[in-house]
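Dock chain U against chain D, hints included.
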Amino acid sequence: MTTLKTACTALALIMPLTAAAEGVELTLWHMEQPPHRVARLQELIDAFNAGHDGVTVTQAPQNWGEIYAKAPAALAAGVGPDIMFVTPDFVPILKQVRDIPSVQEFVAEQDAKHDFIDSAVEAYSYQDGVWAVPLYNMAMNLWYRKGDLAEAGIEVPKTWAELQSAAETLSKDGVYGLGLPANKQLYTDQTVYSFMVNGGATEIYNADGSLRFDNPETVESYTTYTNLQKLSPPDSTSWTWGEAEACFISESCGMILQFSVITGYDTQGAGDPADLGVAPIPAASADDESNTIAYANAGLILSEDEAERAAAQDFLAFLLEPENYGRFLNMEPGLFMPLTATGAEAESFWTEPLTAKYREQIEQIIANSQNGQLFGFTSGRTFPSIAAISAQNLIAETLQDIVVRGNTPADAVAAGQALMVEAAAD
Amino acid sequence: MRRSWQMNILLALSLAFLCLLILLPFWWVVSSSFKEPQEIISRSPTMVPHSFTLQHFQKLLSSSAYPTYMLNSLIVSTISAIITLMLAVPAAYAFFRMHFPGREVMYRTILLAYAFPSIVVLIPLFGMFVKLGLVDTLTGLVIINVTFALPFSIWMLRSFFAGLPKEIEEAAVMDGASTLVILRRVMIPLITPGIASVGIFAFILSWTEYVFTSVLIVSDAKRTVPVGFSGIIGQYQIDWGMLLAGASFAVLPVIILFSLVGRWFVGGLTEGAVK
Numbered sequence: 000m001t002t003l004k005t006a007c008t009a010l011a012l013i014m015p016l017t018a019a020a021e022g023v024e025l026t027l028w029h030m031e032q033p034p035h036r037v038a039r040l041q042e043l044i045d046a047f048n049a050g051h052d053g054v055t056v057t058q059a060p061q062n063w064g065e066i067y068a069k070a071p072a073a074l075a076a077g078v079g080p081d082i083m084f085v086t087p088d089f090v091p092i093l094k095q096v097r098d099i100p101s102v103q104e105f106v107a108e109q110d111a112k113h114d115f116i117d118s119a120v121e122a123y124s125y126q127d128g129v130w131a132v133p134l135y136n137m138a139m140n141l142w143y144r145k146g147d148l149a150e151a152g153i154e155v156p157k158t159w160a161e162l163q164s165a166a167e168t169l170s171k172d173g174v175y176g177l178g179l180p181a182n183k184q185l186y187t188d189q190t191v192y193s194f195m196v197n198g199g200a201t202e203i204y205n206a207d208g209s210l211r212f213d214n215p216e217t218v219e220s221y222t223t224y225t226n227l228q229k230l231s232p233p234d235s236t237s238w239t240w241g242e243a244e245a246c247f248i249s250e251s252c253g254m255i256l257q258f259s260v261i262t263g264y265d266t267q268g269a270g271d272p273a274d275l276g277v278a279p280i281p282a283a284s285a286d287d288e289s290n291t292i293a294y295a296n297a298g299l300i301l302s303e304d305e306a307e308r309a310a311a312q313d314f315l316a317f318l319l320e321p322e323n324y325g326r327f328l329n330m331e332p333g334l335f336m337p338l339t340a341t342g343a344e345a346e347s348f349w350t351e352p353l354t355a356k357y358r359e360q361i362e363q364i365i366a367n368s369q370n371g372q373l374f375g376f377t378s379g380r381t382f383p384s385i386a387a388i389s390a391q392n393l394i395a396e397t398l399q400d401i402v403v404r405g406n407t408p409a410d411a412v413a414a415g416q417a418l419m420v421e422a423a424a425d
Numbered sequence: 000m001r002r003s004w005q006m007n008i009l010l011a012l013s014l015a016f017l018c019l020l021i022l023l024p025f026w027w028v029v030s031s032s033f034k035e036p037q038e039i040i041s042r043s044p045t046m047v048p049h050s051f052t053l054q055h056f057q058k059l060l061s062s063s064a065y066p067t068y069m070l071n072s073l074i075v076s077t078i079s080a081i082i083t084l085m086l087a088v089p090a091a092y093a094f095f096r097m098h099f100p101g102r103e104v105m106y107r108t109i110l111l112a113y114a115f116p117s118i119v120v121l122i123p124l125f126g127m128f129v130k131l132g133l134v135d136t137l138t139g140l141v142i143i144n145v146t147f148a149l150p151f152s153i154w155m156l157r158s159f160f161a162g163l164p165k166e167i168e169e170a171a172v173m174d175g176a177s178t179l180v181i182l183r184r185v186m187i188p189l190i191t192p193g194i195a196s197v198g199i200f201a202f203i204l205s206w207t208e209y210v211f212t213s214v215l216i217v218s219d220a221k222r223t224v225p226v227g228f229s230g231i232i233g234q235y236q237i238d239w240g241m242l243l244a245g246a247s248f249a250v251l252p253v254i255i256l257f258s259l260v261g262r263w264f265v266g267g268l269t270e271g272a273v274k
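These protein sequence lines map, in sequence, to chains D and U. Under numbering that gives the first Met the number 0, the first residue of the first sequence carries the number 0, and numbering increases by one thereafter. Under numbering that gives the first Met the number 0, the first residue of the second sequence carries the number 0, and numbering increases by one thereafter.
Since the hints were derived computationally from the structure, they do not count as laboratory data. Since the structure is predicted, the reported quantities are computational estimates derived from the model, not experimental observations. Treat each hint with caution, since some may be false.
As the list claims (entries may be wrong) - The following residues of chain U were derived to be distant from chain D, with all beta-carbon distances above 10 Å:
| hint | residue |
| --- | --- |
| 1 | Met-46 |
| 2 | Leu-86 |
| 3 | Thr-191 |
| 4 | Val-214 |
| 5 | Phe-248 |
| 6 | Phe-257 |
Unchecked claim - Covered stretches of chain D, as calculated for chain U (at least 3 residues, CB under 8 Å):
| hint | stretch |
| --- | --- |
| 7 | 28-37 |
| 8 | 261-269 |
| 9 | 367-374 |
For every residue, glycine included, the Cβ atom is placed at its ideal position computed from N, Cα and C.
Only chain D is shown next, with the shape it has when bound in the complex (with noise of 0.2 Å):
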């Protein structure tokens, strides 16, 4: 019995110390499922455990058609990830699914040390707290080929009435001036928006948490953005992002809205940087600064774990050194942005072959994407609503309702606004 007490307090003395030499174990999910994304993150991630004695991370890429679902039913589950990759409007998802600490500490400190794009931290603050941390970014911009342009006499447009000029100068022999979707799809409420944020509609809440999407604004950006639709191939109704690209990159299309075209116009279409033409998303009017659309991607820490949130925030901060960042940004070159300005001028961001062919462009994108913002998470006005109304896509949803079923811009923005007061309530 003696024996067999001393075994068990031997025992126990040596299973805290067996726990801490097995380590920290951190899983990783996020959406950047092509090969290359993932295997670019595999040589970051091997990096990183090669340097933390104790600590591994594993990815596990997941697709975004069902992360919505799939997320919080493994976060309820139990087994969900650590640390993933997220946009703006995920967050408020599973904030509702887990009780997930501020990281505004670990934020302020990285953003001492790297200097965020103030945008991209207020896409993840609100509820007195910042709930990610920002990592890369996705803006929105208007693609064009210079030598069309030329050819035709006109300037790159600045502005809406500028855009419609230069559109229906490049509708001619088969070509469609300017590729707008308008599918019921998130690609879609990314361009609305891109116009909605330039017609003085960015907010979509007042500071009260009510919608003030049915606004005169809002009606004006729909309205220039039906006319400009009509421009558009007649399968635009059913576009996503491939789609639109394809049409730019075969030269169906003069101009586009999209957030890049570089991997693909370099592999599959002419490839050359020198005709590659990308501008800010053209302004209401001329006396107004252009603004776009743009996705600040962050790594949201879901472990409730002390030790694993630690090495979280460790891997985390390991990305953001100039010397990784501009490498993680790479993993699909000319898509993915810095957030940070030591990371805008890091040169493992520029030494990457793709980057450095069409750095011109890729500094425009930079520029453009100073000015982004997101519907609903703008001015700290951010409501748990806007989960809901941004998995419906409802922005386009009413842009369907005008293009489609051919209401007015004003009697779709109104039934827009009740849908979104629907989706809330729901």
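Relative to chain D, chain U alone:
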């Protein structure tokens, strides 16, 4: 009765039109997977390739986990089809050739599995599978596939059993055969076309299953073709060549299966079974 030549021409034209309608998309996908990227998205689509490359297949197989997805799909679909057949044949025999209390209610009830859209049961099922340790396992996928293929498979076999004359069974009973022997030695050989149909149905259902696999599988190494493939295509930027190469590969096993089992789709196997 002989058909008029006008009717023959009409039938031939209808057949040609149907073939064109069905085969044209396949032709476009397969032929385009061998085109250079620029030709794939060209403003003027080419039905006959003007260029030839294997780069999309090479990229698909070397830089992605597509071969792993294919292997997983083959394992899951084959096992699902076999288990479905093993359960559906005796169940259908019991439902449609035997008499027991509650038979009518039971065989109508099994179709209730189709009354609920899969998305409705997805989340509760996920929670249940977590408790059973079946999340992120191929076993879990087989269970799901069999669960959803089985009810319709039983119903499919009904018409095949119904087509068999009772006299065959009665003759076997008079010869002293037990129920199992009648099923194994008499019935199964006579419903081979039905078994082949159900096998193909269960295989294709499992091969194309997306919703449950996308949620129940977490790691890349366990993904099947539909889910894994949709991921490697990308969201914002699409590699059209790789997409077409993957789509061409994805239909191969189904075509091979049809070519192997298709010969069983001949009717009249029961002709002459009764003397």
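Going through the hints against the structure:
Met-46 (chain U), annotated as away from the interface, keeps every beta carbon of chain D farther than 10 Å; the closest lies near 16 Å. No Cβ of chain D approaches the Cβ of Leu-86 (chain U) within 10 Å, the least distance being about 28 Å, so the stated non-interface status holds. Residue placement check: Thr-191 (chain U) keeps its beta carbon more than 10 Å from all beta carbons of chain D (closest about 39 Å). Not every Cβ of chain D is farther than 10 Å from the Cβ of Val-214 (chain U); the closest lies at roughly 5 Å, contradicting the non-interface assignment.
With a least CB separation of 15 Å from chain D, Phe-248 (chain U) remains clear of the 10 Å interface cut-off, as annotated. With a least beta-carbon separation of about 29 Å from chain D, Phe-257 (chain U) lies farther than 10 Å from that chain, consistent with its non-interface assignment. Counting residues of the stretch 28-37 of chain D whose CB falls under 8 Å from any CB of chain U gives 6; the rule of at least 3 is met. Evaluation of the coverage hint for the stretch 261-269 of chain D: fulfilled, as 5 residues show C-beta separations to chain U shorter than 8 Å, against a requirement of three.
Look at the stretch 367-374 of chain D against chain U: 0 of its residues bring a Cβ nearer than 8 Å to a Cβ of that chain, fewer than three, so the hint is violated.
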